[in-house]
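Could you build all of it, start to finish, from the sequences and the hints given here?
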Amino acid sequence: MNGFGRLEHFSGAVYEGQFKDNMFHGLGTYTFPTGAKYIGNFNENRGSQTSLLLLFITFKLIQNPDKP
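Residue numbers (UniProt numbering): 1 to 68.
Zero decoy hints are in this set.
In the SDA-like style, the derived pairs of lysine to any residue whose C-alpha atoms are separated by at most 20 Å in a straight line are: (1) 37 x 26; (2) 20 x 5; (3) 20 x 39; (4) 37 x 8; (5) 20 x 3; (6) 20 x 6; (7) 37 x 6; (8) 37 x 5; (9) 37 x 25; (10) 20 x 41; (11) 20 x 43.
Hint data in this document are derived by calculation from the structure and do not stem from the laboratory.
Now the structure itself:
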């Protein structure tokens, strides 16, 4: 595959961006199953030094029943 495309992995990971010779190559976004995203340039399936990693952390707020 060459050009722009989308690849969905059975794990829930998704790559959307440029491909060259069936590899991630050029500008793209890799979304991990956790929701974290790697946005930037790829070179032969590897992220390059010019990228942005976004981590999304979810938490549950638990109130102490002894304190109002």
